Amino acid sequence: GQQVMQIPQYQHVQEGEDFTTYCNSSTTLSNIQWYKQRPGGHPVFLIQLVKSGEVKKQKRLTFQFGEAKKNSSLHITATQTTDVGTYFCARLQTGANNLFFGTGTRLTVIP
Amino acid sequence: DAGVIQSPRHEVTEMGQEVTLRCKPISGHNSLFWYRQTMMRGLELLIYFNNNVPIDDSGMPEDRFSAKMPNASFSTLKIQPSEPRDSAVYFCASSFRGPPYEQYFGPGTRLTVT
Numbered sequence: 001g002q003q004v005m006q007i008p009q010y011q012h013v014q015e016g017e018d019f020t021t022y023c024n025s026s027t028t029l030s031n032i033q034w035y036k037q038r039p040g041g042h043p044v045f046l047i048q049l050v051k052s053g054e055v056k057k058q059k060r061l062t063f064q065f066g067e068a069k070k071n072s073s074l075h076i077t078a079t080q081t082t083d084v085g086t087y088f089c090a091r092l093q094t095g096a097n098n099l100f101f102g103t104g105t106r107l108t109v110i111p
Numbered sequence: 112d113a114g115v116i117q118s119p120r121h122e123v124t125e126m127g128q129e130v131t132l133r134c135k136p137i138s139g140h141n142s143l144f145w146y147r148q149t150m151m152r153g154l155e156l157l158i159y160f161n162n163n164v165p166i167d168d169s170g171m172p173e174d175r176f177s178a179k180m181p182n183a184s185f186s187t188l189k190i191q192p193s194e195p196r197d198s199a200v201y202f203c204a205s206s207f208r209g210p211p212y213e214q215y216f217g218p219g220t221r222l223t224v225t
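Protein sequence lines correspond, in order, to chains V and G. 1 is the number of the first residue of the first sequence in our numbering; add one for each residue after it. 112 is the number of the first residue of the second sequence in our numbering; add one for each residue after it.
Chain V with its partners taken away, still in its complex shape (with noise of 0.2 Å):
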């Protein structure tokens, strides 16, 4: 179908250690969003990928869309408790403009 799954689940990291989450899909995909939601908080959008192969940064926080556009991942280098919260990988429905959100990896951070 058209969902995504995610993994992990959950991760917990000490902080300083690299974090890494994966969004996987069985179909090709238009693109893929990610978004983070903070404990008790709502999802706010981080990034869209759309090229196949794309990486894109953010301070501590590498994006990478595969070269077949079925995976991507979020890596985030020397995490830092302000990182603590779920990852949501996104796609777009095939023909539509609503989205499919995975399962979500909740990291916690040990200070």
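Rather than coming from a laboratory, the hints here were simulated on the basis of the structure. Among the hints, erroneous ones may be present.
Stated by the list, open to error - Straight line, CA to CA, 30 Å or less: simulated DSSO-like cross-link-like pairs of lysine-lysine:
no.: 1; chain 1: G; residue 1: Lys189; chain 2: V; residue 2: Lys36
no.: 2; chain 1: V; residue 1: Lys56; chain 2: V; residue 2: Lys70
no.: 3; chain 1: G; residue 1: Lys135; chain 2: V; residue 2: Lys36
no.: 4; chain 1: V; residue 1: Lys51; chain 2: V; residue 2: Lys70
no.: 5; chain 1: V; residue 1: Lys69; chain 2: V; residue 2: Lys56
no.: 6; chain 1: G; residue 1: Lys179; chain 2: V; residue 2: Lys36
no.: 7; chain 1: G; residue 1: Lys135; chain 2: G; residue 2: Lys179
This structure is a prediction, so every number in the text was calculated from the model and none was measured.
Use these hints to put chain G onto chain V, whose structure you have.
Here is chain G on its own, set in the frame of chain V:
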């Protein structure tokens, strides 16, 4: 810009009561989305509107749920009668209908049905 506005922020009601959630999208956005978030089911799309017209309501759980968008600046999600299993956080989000399709979420309404 005030962002997406939702009210109420918290709602506690008894089983069988009617619940109405409200949303004001960002001015200029022409798509509006209602989501429900629970630990068990994650973030689920309930219904979405383009230019005030419902496009896809396949995510609406059952007939107890209804949504309206009478104009470009206001939408409601109604649950009648409410049940304990409806307890969740309900988010409204808005976007432009075209690219880049990024959605802006409201703060959500935390609904508890006892």
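The hints, checked one at a time:
Note on Lys189 of chain G and Lys36 of chain V: the hinted pairing holds, with a Cα-Cα distance of about 27 Å set against a maximum of 30 Å. Only pairs whose Cα atoms come within 30 Å are accepted, and Lys56 of chain V paired with Lys70 of chain V is accepted, the gap being roughly 17 Å. Between the alpha carbons of Lys135 of chain G and Lys36 of chain V the distance comes to roughly 22 Å, so the proposed pair stays at or under 30 Å and holds. Between Lys51 of chain V and Lys70 of chain V the alpha-carbon distance is near 11 Å, which keeps this suggested pair within the 30 Å criterion.
Proximity of Lys69 of chain V to Lys56 of chain V is assessed by CA-CA distance (about 15 Å); at most 30 Å being required, the pair is judged to hold. The straight-line distance between the Cα atoms of Lys179 of chain G and Lys36 of chain V is roughly 28 Å, inside the 30 Å bound, and the hint therefore holds. For a cut-off of 30 Å, the pair hint linking Lys135 of chain G to Lys179 of chain G stands: about 12 Å separates their Cα positions.
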